[in-house]
Amino acid sequence: MRSIQANWELLRALVSRELKSRYKGSALGVLWSLLTPMFMAVIYAFFFRLLSGRAANTPSIIVGVFAWQYTAVSVQQGMGCVTSNGNLVKKVSFARTILPISTTVAAGIDYLISLVVQLGVVGFFLFQNGEAWSAKFLFLPLIFIHHSIFNLALAFLLGAMNVYFRDTRHVVGVLLSAFFFLSPAMYDLSFLERFASEMSPWITQLYTLNPLAGIFTAYRWAFLPSADFTPTVWMWTGMSFPFVLVIMGWFVYKRAQRNFADFI
Amino acid sequence: MTPVAIKAENLGKRYLMRGMAPQTLLSSLRKGFSRTPPEDFWAIRNATFSIPKGSTIGVIGPNGAGKSSTLGLAAGTITPTEGSIQTEGRISSLLELGAGFHPDLTGRENVYLNGALLGIPREDITKRFDAILDFSGLHDFIDQPVRNYSSGMYVRLGFAVATEVDPDVLLVDEVLAVGDIAFQLKCLDRIREFQRKGKTLMFVSHALQTVEEFCDEAFLIHKGDLVQQGNPADVILEMIRHHSGEGGGIYAQEFGTRELEFTDVQLQDENGNQPDHFLSGSPLKIVLSYTAHHTIAHPVFGYGIKTANGQYIYGTNSQILHQDFGTLEAGQQGQVTIAFDPLYLREGNYFLSISAHSQDHETQFHRREDWYPFRVKNADEAQGIFTQPTRFLS
Numbered sequence: 000m001r002s003i004q005a006n007w008e009l010l011r012a013l014v015s016r017e018l019k020s021r022y023k024g025s026a027l028g029v030l031w032s033l034l035t036p037m038f039m040a041v042i043y044a045f046f047f048r049l050l051s052g053r054a055a056n057t058p059s060i061i062v063g064v065f066a067w068q069y070t071a072v073s074v075q076q077g078m079g080c081v082t083s084n085g086n087l088v089k090k091v092s093f094a095r096t097i098l099p100i101s102t103t104v105a106a107g108i109d110y111l112i113s114l115v116v117q118l119g120v121v122g123f124f125l126f127q128n129g130e131a132w133s134a135k136f137l138f139l140p141l142i143f144i145h146h147s148i149f150n151l152a153l154a155f156l157l158g159a160m161n162v163y164f165r166d167t168r169h170v171v172g173v174l175l176s177a178f179f180f181l182s183p184a185m186y187d188l189s190f191l192e193r194f195a196s197e198m199s200p201w202i203t204q205l206y207t208l209n210p211l212a213g214i215f216t217a218y219r220w221a222f223l224p225s226a227d228f229t230p231t232v233w234m235w236t237g238m239s240f241p242f243v244l245v246i247m248g249w250f251v252y253k254r255a256q257r258n259f260a261d262f263i
Numbered sequence: 000m001t002p003v004a005i006k007a008e009n010l011g012k013r014y015l016m017r018g019m020a021p022q023t024l025l026s027s028l029r030k031g032f033s034r035t036p037p038e039d040f041w042a043i044r045n046a047t048f049s050i051p052k053g054s055t056i057g058v059i060g061p062n063g064a065g066k067s068s069t070l071g072l073a074a075g076t077i078t079p080t081e082g083s084i085q086t087e088g089r090i091s092s093l094l095e096l097g098a099g100f101h102p103d104l105t106g107r108e109n110v111y112l113n114g115a116l117l118g119i120p121r122e123d124i125t126k127r128f129d130a131i132l133d134f135s136g137l138h139d140f141i142d143q144p145v146r147n148y149s150s151g152m153y154v155r156l157g158f159a160v161a162t163e164v165d166p167d168v169l170l171v172d173e174v175l176a177v178g179d180i181a182f183q184l185k186c187l188d189r190i191r192e193f194q195r196k197g198k199t200l201m202f203v204s205h206a207l208q209t210v211e212e213f214c215d216e217a218f219l220i221h222k223g224d225l226v227q228q229g230n231p232a233d234v235i236l237e238m239i240r241h242h243s244g245e246g247g248g249i250y251a252q253e254f255g256t257r258e259l260e261f262t263d264v265q266l267q268d269e270n271g272n273q274p275d276h277f278l279s280g281s282p283l284k285i286v287l288s289y290t291a292h293h294t295i296a297h298p299v300f301g302y303g304i305k306t307a308n309g310q311y312i313y314g315t316n317s318q319i320l321h322q323d324f325g326t327l328e329a330g331q332q333g334q335v336t337i338a339f340d341p342l343y344l345r346e347g348n349y350f351l352s353i354s355a356h357s358q359d360h361e362t363q364f365h366r367r368e369d370w371y372p373f374r375v376k377n378a379d380e381a382q383g384i385f386t387q388p389t390r391f392l393s
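Chains A and B supply the protein sequences, listed in that same order.
Under numbering that gives the first Met the number 0, the first sequence is numbered contiguously, ending at residue 263.
Under numbering that gives the first Met the number 0, the second sequence is numbered contiguously, ending at residue 393.
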């Protein structure tokens, strides 16, 4: 019991450190966690319109891009969770598993703050179109937890890997931008239909194995009254991956942590 | 039987030489294909020891011997490759110059973070915060990011936190060397207080005198072996005899033109024996045997003595004392005796340096720096490192 309480204290301290150090010395501080995805959403909405020639569904893009931002930040911070805390890892003995958990929780808190803004912006668009909120948004906490589990799994795996292979950072940088385009962040699943009908339906099936396909679609469904969420078997499979991955990540991390201090 | 605080059995830690540096994917691929096994070395191996609760252990040994690894293993930051190490109670450690601080956070924030790392509730830290601040003496800097701290300030705060959180076991790795004198004294006071409270202490130090003064037991580690453990004075002598003295150590050095060369040096007591230790207040003779390879006019012989901590205590030479050895012929062999009667040094370990140089100090013929370790024991109750002849008058 004592150790659970101690770990809870530590998690709190690390999360607050993570949040503090992220914005320390920047004039706008925590506003950046809103501004970054906001700018991204505006840019994507603009180019989406320019490229596809049809009006972008701005609320849909905002929801997708903010959600993506949560994964991106989790991955970037989680990857360095051990290496950037070398000083702690080498000098103090504590439950190392708290490190990736703390970066993910910190990113999650950022995202939760941004949810408030998202609700506002989406509400504005709904109001403009004369639509009303649906009770679906009550599902947001569940989707958020599901999403967080996926992000945590990535933090476990990449955080441990980065200790042993420092080029993880570069590889992940490239893969992350590919992942962005392979996830329905700046577009929704309807965008795929064209490819599926022109080429082969298995493109959609394969695509929806990406856990984020299901998760982002679920977010849209919860936020936007008009959005659908009708998962196929493929999508359910994809959405089950986070649970498998997080258990795998936990064990990989536990195994790897024995030698963390030697490699930092 | 006293309860055990730290217990190690057959403890070993191996490092892979290539694994030491962070790898890249490419290098690990290459390694996968190469057939040569990676080089490794044992930072510490086959170490078995048990440290009773409430005792103070000093870990000594040359650089790179495995002292810090042993401490890291005890602290739990390093995982043993073989064997096991177990500790009882809450451990607080200062490894590699300081606590785990985050450079972007202020001193205050780091104190709380460190408390959390050690598993101490926030309220407890709040209660002790003033004591920590007072001990560190960083009142003006506590709300500055620690990246702006000097190394001394860093250590001050680290030591303050590590000791103020009331650990059962304190592990300290050579941190005392960084602070200024005032702070060092404060630290030593704090260590005494720890001892009084019956806490267990294990510290790595090159300050052999400090180890001798403070520790119940010393561990000598050399090239990954726990060579000796026991009474600090004996272990320290072993260390300077076999692992740093007699030309084998890191401090000892020898140089000169060898126009005049020392062939033998003996430290003798009044009976001409070479004992294990000398008694303070009794005679000590240093008998230098030499060979002159050239004709040398008026050579000067000298000596110097340092404490085990490296502090220079005394040195003189035959010129200062107006003793002339005339002219030595090429090939001539002879002896010079340096007589201390009596020996004023008191209990401790010392290093002797000897030299022979030319009259004008231009040419160093032969010099052995810190070459000869010797040990002195007290014959009476007085304290300190040398005897000040004293009379009490009334």
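One or more hints might be untrue.
So the derived list for chain A, only partly shown, Cβ under 10 Å to chain B, looks like this [unchecked claim]: (1) Asn6; (2) Asn86; (3) Gln127; (4) Ala131; (5) Lys135.
By construction, these hints were calculated from the structure, which means they are not laboratory data.
The beta carbon of each residue, even a glycine, is placed where N, CA and C say it ideally should be.
Hints, one by one, checked against the model:
{"no.": "1", "hint": "Asn6", "result": "8 Å, holds"}
{"no.": "2", "hint": "Asn86", "result": "5 Å, holds"}
{"no.": "3", "hint": "Gln127", "result": "42 Å, violated"}
{"no.": "4", "hint": "Ala131", "result": "45 Å, violated"}
{"no.": "5", "hint": "Lys135", "result": "39 Å, violated"}
In the structure shown, a violation is registered for the earlier hints numbered 3, 4, 5, in ascending order.
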